[in-house]
Each structure stands twice: as structure tokens, then as C-alpha cells.
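Chain A is fixed; fit chains B and C onto it per the hints.
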Amino acid sequence: MTATRFTVRDIAQSLGAEAAGDLDLTIGQAAEPQDAQAGDLAMATNPKYADKLKEGAAEVALVWEGADWQSFGLKAAIFTPRPRMAMAGVTAQLDPGQHFNSGIHPSAVIDETAELSEGVSVGPLTVIGPRAKIGAGSVIGPQSFIGADVAIGEDAIIRECVSIGARVQIGNRFRAQPGARIGGDGFSYVTPEVSGVENARKSLGDQGEARAQSWERIHSLGSVTIGDDVELGMNATVDNGTIRDTEIGHGTKLDNQVHLGHNTRVGNDCLLCGQCGISGSVDIGNNVVLGGKTGVGDNLFIGDGVISAGGTNILANVPAGRVVMGYPAIKMDTHMEIYKAQRRLPRLMRDIDALKKAVFK
Amino acid sequence: MTATRFTVRDIAQSLGAEAAGDLDLTIGQAAEPQDAQAGDLAMATNPKYADKLKEGAAEVALVWEGADWQSFGLKAAIFTPRPRMAMAGVTAQLDPGQHFNSGIHPSAVIDETAELSEGVSVGPLTVIGPRAKIGAGSVIGPQSFIGADVAIGEDAIIRECVSIGARVQIGNRFRAQPGARIGGDGFSYVTPEVSGVENARKSLGDQGEARAQSWERIHSLGSVTIGDDVELGMNATVDNGTIRDTEIGHGTKLDNQVHLGHNTRVGNDCLLCGQCGISGSVDIGNNVVLGGKTGVGDNLFIGDGVISAGGTNILANVPAGRVVMGYPAIKMDTHMEIYKAQRRLPRLMRDIDALKKAVFK
Amino acid sequence: MTATRFTVRDIAQSLGAEAAGDLDLTIGQAAEPQDAQAGDLAMATNPKYADKLKEGAAEVALVWEGADWQSFGLKAAIFTPRPRMAMAGVTAQLDPGQHFNSGIHPSAVIDETAELSEGVSVGPLTVIGPRAKIGAGSVIGPQSFIGADVAIGEDAIIRECVSIGARVQIGNRFRAQPGARIGGDGFSYVTPEVSGVENARKSLGDQGEARAQSWERIHSLGSVTIGDDVELGMNATVDNGTIRDTEIGHGTKLDNQVHLGHNTRVGNDCLLCGQCGISGSVDIGNNVVLGGKTGVGDNLFIGDGVISAGGTNILANVPAGRVVMGYPAIKMDTHMEIYKAQRRLPRLMRDIDALKKAVFK
Chain A
1 MTATRFTVRD IAQSLGAEAA GDLDLTIGQA AEPQDAQAGD LAMATNPKYA
51 DKLKEGAAEV ALVWEGADWQ SFGLKAAIFT PRPRMAMAGV TAQLDPGQHF
101 NSGIHPSAVI DETAELSEGV SVGPLTVIGP RAKIGAGSVI GPQSFIGADV
151 AIGEDAIIRE CVSIGARVQI GNRFRAQPGA RIGGDGFSYV TPEVSGVENA
201 RKSLGDQGEA RAQSWERIHS LGSVTIGDDV ELGMNATVDN GTIRDTEIGH
251 GTKLDNQVHL GHNTRVGNDC LLCGQCGISG SVDIGNNVVL GGKTGVGDNL
301 FIGDGVISAG GTNILANVPA GRVVMGYPAI KMDTHMEIYK AQRRLPRLMR
351 DIDALKKAVF K
Chain B
1 MTATRFTVRD IAQSLGAEAA GDLDLTIGQA AEPQDAQAGD LAMATNPKYA
51 DKLKEGAAEV ALVWEGADWQ SFGLKAAIFT PRPRMAMAGV TAQLDPGQHF
101 NSGIHPSAVI DETAELSEGV SVGPLTVIGP RAKIGAGSVI GPQSFIGADV
151 AIGEDAIIRE CVSIGARVQI GNRFRAQPGA RIGGDGFSYV TPEVSGVENA
201 RKSLGDQGEA RAQSWERIHS LGSVTIGDDV ELGMNATVDN GTIRDTEIGH
251 GTKLDNQVHL GHNTRVGNDC LLCGQCGISG SVDIGNNVVL GGKTGVGDNL
301 FIGDGVISAG GTNILANVPA GRVVMGYPAI KMDTHMEIYK AQRRLPRLMR
351 DIDALKKAVF K
Chain C
1 MTATRFTVRD IAQSLGAEAA GDLDLTIGQA AEPQDAQAGD LAMATNPKYA
51 DKLKEGAAEV ALVWEGADWQ SFGLKAAIFT PRPRMAMAGV TAQLDPGQHF
101 NSGIHPSAVI DETAELSEGV SVGPLTVIGP RAKIGAGSVI GPQSFIGADV
151 AIGEDAIIRE CVSIGARVQI GNRFRAQPGA RIGGDGFSYV TPEVSGVENA
201 RKSLGDQGEA RAQSWERIHS LGSVTIGDDV ELGMNATVDN GTIRDTEIGH
251 GTKLDNQVHL GHNTRVGNDC LLCGQCGISG SVDIGNNVVL GGKTGVGDNL
301 FIGDGVISAG GTNILANVPA GRVVMGYPAI KMDTHMEIYK AQRRLPRLMR
351 DIDALKKAVF K
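Residue numbers (the working numbering), protein chains in the order written: chain A, 1 to 361; chain B, 1 to 361; chain C, 1 to 361.
Okay, chain A solo, but in the shape it has when bound:
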């Protein structure tokens, strides 16, 4: 698909990595070690791939430091002290892309007051609303929607079927995967009188005497502000804020189907893995990593550097640096200890019965 070819020398240089063998060999794509053919770069980043290299027919491989590359039948090798980091560089070079059109597709519907900077591409059947501003070099894919007064920085890559509501502000190098959505209204309702939910939250379980009522809508007057180098996964959703904007800091990445509620602030360099759900008015620090399906209750604080295991439900504030797990979330090592005890529970029951018989007769 991609016609571009690179020499081993080029790739090693771009990675700042050592290389050995015939540095003039060219490669056109990456391959797993067992599948690699001549002309491929086998990604053998770990000694466990030694056998798989022999299964395949690679002539060039990215290998771990100190690998005895010639014994695998290779003609050249690139050595990587931190293989996954090398993957970042290699895959960026070899990415064949989506083959979107360049320039403005004639079927796009672009408001005459929108401002598109130099080198912007717009795909077929995309809509760009009034007063929207798109930074230089940005690619807006097919069938996407950019709302009124939206501002997007330079070098964005927005895939097909993405939608961005009115007044959203986004920094440079933004990436959005298909179906990512920003700027829906927050989920915010109120009953005329105190509701059973309000009572149950205060009492931890008692609804009190509240009567059944209908919900009045609190509109979202805020929008969403997003920093530089942010990426949103497929079908991820980010709500508008109520009065101020919902915020995502620089360098933060949201995986597929992540949900971010109204008013929530996420700091810099966070990873929110697949299907995380963050309620409204949550305050998340920097360098936080939330495992897949992590849920966070509303109005909570998650400190810098917090890590959660997949499936965690966070129902209380988490101080900086903590590693948490469970429902409700507790420190991972405490969770492990309790979990081991739980597995012994059925036997424990029998022990206690025996004790009671012995003691109380």
C-alpha cells in the first residue's frame, strides 16, 4: 500500500539506535517475526521472539540489545535498549495512513465565515459551521462535523464521523478517532423538591419521604477546552460544562468509548483506557492512568500519578500516587489481602462452627 521504502541506516538514525550488517537494505513495512519476509522489518523486540524470527524469513529486524542477530539468519539488525519506545518511532515512519483526499472536497458544506488556515484538508460530506477556525496543516476527515465557533489548532488529524459541538477549543496536534464526540450537553437534572436520590446520597441508603417528581433540565452553558497533543478514541464522548468548560490538559489520551462528564477536569499526560466512565465535576490530576472500565463517581478528586486497575469503581477521593483496585476502590495491596482472605472464607466458616461447638458446646 505504501510505496515509501527506508534503508536500515535511515531507520536506525531516526531512532538514534545502533545498527549492524548491510545498512543499505531497504524495508517497506513492519511485520511480526514469524510473518516477516524479505523487505519487511521484523519487530523482534524481546528474546522470546528468537524462535519466531527463525520461523519467518526476515532479513532485517529490530532486536533487543545484545541479540546474536546473525544466528537468526538476518542480514541486518537495529538494536533497541527500550523496544516499545523504538516501536513509537518505527511505526510513525511506516504508518500508511488513511488515504484521505488533500484539499477541500467539493461535497463538504463549509460556512462562509469559517476560517481554514494553510494546508487544511476537509473530507467529503463534512460540515464546518459558522466562525469555526481550523489551524494550519489540519486534516478533517470525511463526514465529520465541526460546530459554530469551534477553534482547532495546527496539525490535527480528525478521522471520519467525528463531531465537535459549538464553542469547543482545542490545541495543536489533536487526534480524534472515528465517532469521537465532543460537546454534548451535560446530564444534569433537578426536581422541584428534594428527591429520593438526594436523600439516599446523604443517608447512604435511605430515600426518606420524597415524592415522585419529574426532572427539570439544567442546560449546559459551558463548552469543552482541550490542550495540545490530546487524542480521543472511537465513540468516546466528552460533555459540555454547565457554567465553565469541561477541560482536558495537554498530552492526555482517551481510549475508545471513554465517557467524560460535565465540568470534569483531566490534567496533563493522563491515559484513560477503554470504556472508562468519569462522572461530572471530577478533578483528575496529571499523569493519572485509569485501567479499562474504571468508573469515577461525581465531584471526586483523583491526585497526580494515581493508577487504577481495570474494572475499578472509584467512589471516594484518591490521594496522589496511589495504586487502587476494586469496588469500591481501595489500595491494590489491601485489595489483594482481602481477596485472599475471601477465598478462604468458606473454610473459615467451618472453622468457626467447629470452634463454637468446642467452646459453647
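Don't take every hint at face value.
Identical chains blur together in the list; that is why a pair holds if it fits in one copy or across any two.
Said to hold, decoys possible - Using 30 Å as the maximum straight-line C-alpha spacing, the simulated BS3-like pairs for lysine-lysine come out as follows:
| no. | residue 1 | residue 2 |
| --- | --- | --- |
| 1 | K357 | K340 |
| 2 | K75 | K54 |
| 3 | K48 | K75 |
| 4 | K340 | K202 |
| 5 | K202 | K48 |
| 6 | K331 | K202 |
| 7 | K52 | K75 |
| 8 | K340 | K356 |
| 9 | K202 | K52 |
Worth flagging that the hints you see were computed from the coordinates, not collected in a lab.
Only chains B and C this time, still in chain A's reference frame:
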């Protein structure tokens, strides 16, 4: 963005609230207390905002009953006995909206047999299918899809990229956020012979001797029926029923990424928070509030007024009025009691070891 | 809506089922027993529907074997040894469909190098990219996106607003519900130095001394390969692989909002129910059934025929044939035993206090 301005008197009157100070001052938008400038309405609905009001430069604020408003440097104040309820009124007035076009955009593809009532707007690149009926005053946003024989009531607000499949029937004042989807086929399959899943469900864990088989598809002949005043969040999904329609009652709101399975009925005035997943053939009463990420197994009954905490997995019927939590869901107070006991489990283990040593020697 | 009518004889023959009564009666649609009118086929597949048949006005019903059909006021009946299996046949016959246009809609944007086989339909405002190949008889619905170099087999039914990224390969009889997305980039990032997450995964909870860093992106060079007879639910998402393709085998069905991470392989004839989330590089066997909201951690192995209950979080490999439940997932019967013990925990605490008092005084 919004040019409309309101006097303090206007806003107080529309809320039915008391006001004091210079009632002729005008405001154009709401702001958080610490960010508010002259011309803004600071939303200081709680005594905890007193200091934040002093940080900002608000001249007008929405304040709690009995607030000493003049001490905060305000020139006027509006008093609210139930602040979140006042938020509903104020935000409705100040909502700047999405700036969609009015009228029918020329790029929309509308079947000649579709019936659009007075004052309907249709956005660019939207598709409206044969025999669809759209009620007066409804706004169908950009790039949305309205299928064959769909009926939508009056004053709907449908955002960008929404899709509604054939034969769906919707009441008045419907709202759909971007990417909301109604009318996909239900997830319903059957194997020619009894399957391991059928056995495991009956035996609670034993697959029996069922052999591996392929799945035959049960088609969805039903559609979806939705009442008045319903709202669907971004990327929420509502399946068609198998024989009859899947149903959502009046006044019920579904948050982002909520999933509603085939044949399920949800009553009136329910809130289903972010990423709730309701299986097929569930019967949910009125005024039910399910916290974020609540899951509900198929063919269950959830009574009126039930509340679930975030992350709850409901695997059995829940009687009316109960507040539940956990996996599987139990009464919240029972869950709390068990949870406290669990945290003591590791110490308990040591106590029992000591007891055994003392008693059995 | 559907004008086609079938005789009782036709339907019984197509199901290979016995019938009795007036086999020349015609029916036009299916109905639930209590709602059925003359001209409907009442779906009374179980003795519990006997009373409901009497409530309705059905003249023809699909009934259980041995039913005393005449006593229900029916003029004809079709008998089914495995009622849900009969549902598959009946609903396929009576499915009224979505009424999409046939042929290529003039508003579709189709690259001149795309190859559409005989009898392909393309809906309004759909985009088909360069070199894409669509097999004979396939229906591509409105506002969908087919990327560059995609290949789709014969007789696909792709609904509205579906997107399929570059290079995805799909077999025959593929079905995609509205908003299903294939071919977003995998969620794969790396820090220049060892991160706290890497440390915490190894130590099960200790982040060590890792410093805060930004994330470098690992691009997805792979795409997605999908077998025959696969179905994707509304807003489901399937990621590209990193080096090789993400894979879905023959006959596997993904429900609404299911997430499939990069490099993951799912075998044949699996069911992944609503909101399942499968991380990257997971290897799932054949005939696996994962209940709604099941989560699976990355790099795990799930053997053939595994079944998980709704809400399960799988954090370790699961051997073939096992039925699992819980967080973390364990065998369902073990989970039940522990769960019963947990419910007795608060009483147990009191027993132990009494024992301690008696023994240690």
C-alpha cells in the same frame, strides 16, 4: 456569542424569585463566582461560594437565601430557596445554542413522501426517509438520519450525527445528543440444539454436555416507542424489540453511552446515568435512578423508585423503593455492613488462628 | 408496512414444522399473544402464554409441542419443538427491513477506483474510498463510510452511519448496526523511560521511583480481518492491530458498544454481549460467550467454550470450558460459595467476638 441580555428583574421574575439592589442591571451570560465579571450572573448558590464571589468581579449574583449580598461587593442579587432548581430556569434562558441553520438545508436528502410540519429545520447532509413525519417546530441537526415511517412529535431538538431507524415512534419535546442511535436490531441468537449457555444459566455454572454450534439470528420485527420529554445522551443506543416495541416512558433521560436492549420497557421519569447497560426484556418502573455503569441482567423487574449506586450489577429482581449497590446488587446498607466486615477480614483470620490454637491446642 | 403475506402452510414448511387447522389462512406479521389480531401470527412458544392467547384475538399461533390449540380459539397452529429456533426462521421471513433505496444513490461519494459488484446498493451521502471492493448483493446504508482498500464480501447488510477504516478485510454476509466502527488506531503509548504503570504491574501495586513523563504514540500499522457471518452492534468499536491485524473469526457476534482492542483475536461463533470491553492482544477461542459488561485485561488467553456472567472482570487466563463470574473472575460455583459466606460475614464477626470473650476472657 449570544447577544441577548436580560435585566435582573426579568430573570428574578422568570424564576419566581426575590431580588434586591439595582434590578435594571443587565446580564448576558452566567459565570462561576471566581470568574464572573460585570455583565455576568455569578452562580453563587451556596454559602461555600462567599469567598469565591470576592475573588471575582461579579456585580450580580444568584445567591442562597439570606445571603449578605452587599458584603460581597454586589450591586444586585437574586435569592433562591432551591438553587439547583433556579439553575434550570437560568440556564434555559441563557443557553446560547448550537447555531444550526433554520429552514431546510439544500444539501439534506429528504424523501418526497416525508411530512415536515410547520417550522421544522433540517441541517446539512441529513437524510429523512420515506413516510417519516416530523412535528411542528422540531430541529433536526446536521448529518442525522431519520428512517422510514419514523414519527417524531413537536419541538424535538436532535443534534448532529443522530440516527433513528425505521418505524420508531417518538413523542413531543424529544432531545437527542450527538451520535445517539435508536432502532438497531436486538442481540438475539439461538443454536439449533440446547447450548452450553442455556445449561449454565439453569445450573448456575455447569455447561453440561452441549456441543459447540453456530448461532442463528432472531430478527427484530418490533421497533421502539418513546414518550414525551425524553432525552438520549451521546452515543446512547436503544435496540428494536423482537415482536413488540422496546419502550421508554415520558420524562425519562438516558445519559451518554447508555445501552437499552430489545423488548426492555423503561417507565416514566427515570434517570439512567452514563454507560448503564440494560439487557433485553427488562421491565423498569417509574422514577428509577440507575447510577453510572449500572448493569441489569435480562428478563428482570426493577420496581418504581429503585436507586442504584454507580457500578452496581443487578442480577435479580429489585422491589420498588429499594436502594441497591454491589455485584451482585444488594441493599446499600447491607452492602456497607458486609464491606466493613471485609476490610476486617485479614485481622479476623489472625483472630481465628489464635482461637484455634487456644481451643484445639 | 410489509405487504407480503404468507400462508400457514408456507411458514410451517419453511420451518420444517408440523401444522394443524386451516393451512390456507394468511398472516402478515408476528405479534405477542395478548396483542395478536386476525392476520397476525401469535408467538406463543411456551405454555405460560396460554392465558395470553385467550386475552388476544389470534386466529393463528406458533405454539409449543402438544398444545391444545383449539381450546385457545385458534383456527390454525404451527408446532415447534424448539421455539426460539423457530423464532429465527419466522422473524427472518417477516422482517420488514429498513426500506433503504436499491441501486447507487446519486448523493453518495464513490471513488472512481472502487469496485462494486453486481447488485450492490449504496445509500445517500455514503462515502466509498479508493480501491475499496464491495461484494455482490451487499447493501451499504445511508451516511456510512468505507475506507481505502477495504474489501467486503457478498450479501453484507450495513446500516446507516457505520464506518470502516482503511484496509479492513471482511467476509461474506457481514452485518453492521448503526454507528459500528472498525479500524480506529489502537490505544498504545510508551514513555521514554520506565513508567510507574510498568512498575505497578510488575509489583502488583508499587509504582517505584518512576518520574512523570509524556506519552509517545505507537501507530497502528495493522488493520482488521473479519470472517464470514459476523455481526457488529450499534456503536461497537474494533481497533486496528499494531503490526498484524486484529481478527474476528467466522460466525462471531458483537453486541452494542462492545470494544475490541488492538491485536486481539476472537475465534469462531462467539457472542460478546452489550458493553463488553476486550483489551489489546487478548486471544479468545471459539464458542465463547461473554455476558454484558464483561471486561478482559490485556494479553490474556480465554479458552474455547468459556462463559462469563454479566459484569465479570477477567484479569487472568481462563481455561477452556470454564464458567466464570466476579471481580476478579473465578469459577461461578466458587463465586457463589464465597458470596454466600460474605453475606454471613457480619454475623460471623459477632460469633468471633463472642468466642474471643469466652476463650481469652
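Hints versus structure:
For the identical chains of this complex, K357 and K340 are neighbours both inside a copy (26 Å) and across copies (21 Å), given an alpha-carbon limit of 30 Å. In the homo-oligomer, the alpha carbons of K75 and K54 lie at most 30 Å apart inside one protomer (13 Å), although the nearest pairing across protomers, at 72 Å, exceeds that limit. With identical chains, the CA atoms of K48 and K75 are at most 30 Å apart within one copy only, with a shortest distance of 20 Å there and 70 Å across copies. Only between protomers do K340 and K202 lie at most 30 Å apart by alpha-carbon distance; the minimum there is 18 Å, versus 33 Å within a single protomer.
In this assembly of identical chains, the alpha carbons of K202 and K48 lie at most 30 Å apart only when taken from different copies (18 Å versus 54 Å within one copy). In this assembly of identical chains, the alpha carbons of K331 and K202 lie at most 30 Å apart whether taken from the same copy (25 Å) or from different copies (16 Å). Proximity of K52 and K75 under a CA criterion of 30 Å is satisfied intra-copy only: 16 Å inside one chain copy versus 68 Å between copies. Within a single copy, K340 and K356 get their C-alpha atoms as close as 24 Å, and across copies as close as 19 Å, so both meet the 30 Å cut-off.
For a Cα distance limit of 30 Å, the shortest separation of K202 from K52 across copies, 25 Å, qualifies, whereas the shortest one inside one copy, 59 Å, does not.
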